[in-house]
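Engineer: Residue-level listing of the chains:
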Amino acid sequence: MSLDDQLRTALNQQADVRYAPPPDVQGLISGGRARRRRRHATRAGFGVMAVVLAVGGVYGARQIDPGRARTESGPAAAATLMTLPSFQNTEFVPIKPGTYRMAVGADASGARIDAALTVRGPGWLSGSQPVLSEVTGAGGGPIMAGVGVYQPTLLAGGSGCTSSSRGRAPGTTALEMARRLIRLPRSEVVQRPTETRAFGHDALHLRLRIDDQCPMDEYYRLAETPSGDRGISYGNQPEVVIIDLWVVDVDGTAVVVDTWRHSDTPTAQLETTRLTRSSIRFETLG
Amino acid sequence: MSTDEDFAEFVGARWGSLYRLAYLLAASPAGAEDLLQTTLEKAYVTWGRISRMHYAEAYVRRMLANTLVSSARRARNREQPWDELPEAAGDPAELSVVDRDLLWPLVCALPDRQRAVIVLRSYEDLSEAQIAEVLGCAQGTVKSQSWAAIGALRRALAASGIGEGVRES
Numbered sequence: 000m001s002l003d004d005q006l007r008t009a010l011n012q013q014a015d016v017r018y019a020p021p022p023d024v025q026g027l028i029s030g031g032r033a034r035r036r037r038r039h040a041t042r043a044g045f046g047v048m049a050v051v052l053a054v055g056g057v058y059g060a061r062q063i064d065p066g067r068a069r070t071e072s073g074p075a076a077a078a079t080l081m082t083l084p085s086f087q088n089t090e091f092v093p094i095k096p097g098t099y100r101m102a103v104g105a106d107a108s109g110a111r112i113d114a115a116l117t118v119r120g121p122g123w124l125s126g127s128q129p130v131l132s133e134v135t136g137a138g139g140g141p142i143m144a145g146v147g148v149y150q151p152t153l154l155a156g157g158s159g160c161t162s163s164s165r166g167r168a169p170g171t172t173a174l175e176m177a178r179r180l181i182r183l184p185r186s187e188v189v190q191r192p193t194e195t196r197a198f199g200h201d202a203l204h205l206r207l208r209i210d211d212q213c214p215m216d217e218y219y220r221l222a223e224t225p226s227g228d229r230g231i232s233y234g235n236q237p238e239v240v241i242i243d244l245w246v247v248d249v250d251g252t253a254v255v256v257d258t259w260r261h262s263d264t265p266t267a268q269l270e271t272t273r274l275t276r277s278s279i280r281f282e283t284l285g
Numbered sequence: 000m001s002t003d004e005d006f007a008e009f010v011g012a013r014w015g016s017l018y019r020l021a022y023l024l025a026a027s028p029a030g031a032e033d034l035l036q037t038t039l040e041k042a043y044v045t046w047g048r049i050s051r052m053h054y055a056e057a058y059v060r061r062m063l064a065n066t067l068v069s070s071a072r073r074a075r076n077r078e079q080p081w082d083e084l085p086e087a088a089g090d091p092a093e094l095s096v097v098d099r100d101l102l103w104p105l106v107c108a109l110p111d112r113q114r115a116v117i118v119l120r121s122y123e124d125l126s127e128a129q130i131a132e133v134l135g136c137a138q139g140t141v142k143s144q145s146w147a148a149i150g151a152l153r154r155a156l157a158a159s160g161i162g163e164g165v166r167e168s
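Chains as they are written, first to last, in numbering that gives the first Met the number 0: chain A, 0 to 285; chain B, 0 to 168.
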């Protein structure tokens with residue numbers, strides 16, 4: 000008998016006599032939820048292996064509802080931000096269409112900067128930044144796009160992956176920040192910073208292609224923000240992420256709005272993302 | 000059926016089989032429980048997609064092996080690929096029948112990646128290409144890991160006075 004045969008026999012016999020303790024299914028589900036929450040929160044709107052979520056079943060009953068807030072037909076700017084609900088710091092659950100408040104950062108005097116964002120269309124999921132999943136019947140599909148609103152405290156450095164501790168200062172003005180964004184690790188500039196008017200303020204718009212490949216259990220961290228990491232790795236396989244960034248000058252404070260997508264993101268999702276992004280309005284809460 | 004119910008049904012039905020594979024991969028009861036728990040928690044995160052696969056269990060079984068070796072991924076070994084497996088079915092080298100109680104501890108003593116290759120090859124009956132896909136490495140790496148593992152086992156058996164006269168790998 001060859002050693003291969005011996006091994007096959009030995010391993011099968013060893014497995015057959017092994018008693019399996021009973022599973023703690025609820026513990027596994029709780030652990031899985033915690034893992035999903037951490038993954039979503041730390042990636043803060045980006046993610047590592049093409050996260051696919053179940054949107055139906057129990058989650059369907061736990062949707063975040065804007066409730067008293069304005070519905071998607073109303074402009075976000077007209078709402079008083081403090082009265083709006085927030086989906087940030089919640090589990091990875093569906094967000095109903097409507098207007099929400101997002102914490103962004105603070106200006107030089109310490110006054111808080113918030114944003115109002117009106118979620119339009121189905122498939123949106125909560126987290127520190129919202130992501131859009133493919134809506135597929137009873138279950139959820141892969142996450143293929145997302146919107147971010149944040150004030151970077153550090154930009155990606157080194158490899159861009161989370162194990163890289165070499166974050167770079169983001170700059171203090173919109174122009175400085177835009178110039179540093181076009182030097183993000185493993186990025187290719189598709190459109191150089193261009194002056195524009197967006198979200199009611201002067202802004203610089205640029206577009207990058209970023210290779211989000213990172214070691215297993217890591218993700219590409221575009222920026223660190225007061226709300227958590229801004230990650231962009233949501234594929235089960237390494238992806239090229241196409242990301243539009245607007246560096247917005249909010250009364251002298253540079254903040255970022257972005258929308259990211261994969262190369263194969265369907266047109267309908269791109270339009271849903273665009274509509275949601277275009278609803279963003281800022282407010283400084285002095 | 001909700002996602003949680005579907006996941007719970009899968010775990011209930013396949014737990015025993017998955018645990019046995021986890022035990023062989025981790026080489027200890029406690030390690031098997033940790034490995035299986037980590038893997039199933041990961042599977043839960045993407046259960047919406049996994050549950051729609053035709054071979055969900057096969058996918059989770061591969062996740063088990065991948066989870067075992069992923070922690071050592073960055074310390075990727077630097078051995079050179081080999082062109083041939085050290086031993087194939089029908090290898091002329093014959094061994095006397097070895098008691099599993101002797102062979103199993105030797106398998107347990109192998110490094111995680113080598114043991115994973117051996118378990119995937121001899122227990123899961125995966126091909127080199129399939130093992131390479133599961134472990135996220137080149138086929139040549141699978142060959143060299145297998146070569147190293149079989150060589151270590153032969154030497155250990157020889158040192159125990161079993162398999163004397165067998166060609167040293």
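Please keep in mind that the hints were generated in silico from the structure rather than gathered at the bench. Careful, some of the hints might be misleading.
Stated by the list, open to error - Sample of chain B residues facing chain A (criterion: CB under 10 Å; computed from the structure):
1. Gly11
2. Leu17
3. Leu39
4. Lys41
5. Cys136
6. Arg153
In this text, a Cβ means the ideal position worked out from N, Cα and C, and glycines have one as well.
Engineer: Work down the list of hints and note, for each, if the structure agrees.
Structural biologist: Hint check results:
Checking B:Gly11 against chain A by beta carbon gives a least distance of about 7 Å; that is within 10 Å, so the hint holds. Interface hint at B:Leu17: satisfied, since its Cβ lies 8 Å from the closest Cβ of chain A, which is below the 10 Å cut-off. The closest approach between the C-beta of B:Leu39 and any C-beta of chain A is roughly 5 Å, which is under the 10 Å cut-off, so the hint is satisfied. The closest approach between the C-beta of B:Lys41 and any C-beta of chain A is roughly 7 Å, which is under the 10 Å cut-off, so the hint is satisfied.
For B:Cys136, the shortest C-beta to C-beta distance to chain A is roughly 12 Å, which exceeds 10 Å, and the interface hint is violated. At its closest, the beta carbon of B:Arg153 sits 7 Å from a beta carbon of chain A; the interface hint therefore holds under the 10 Å criterion.
Of the numbered hints given earlier, the model fails hint 5 alone.
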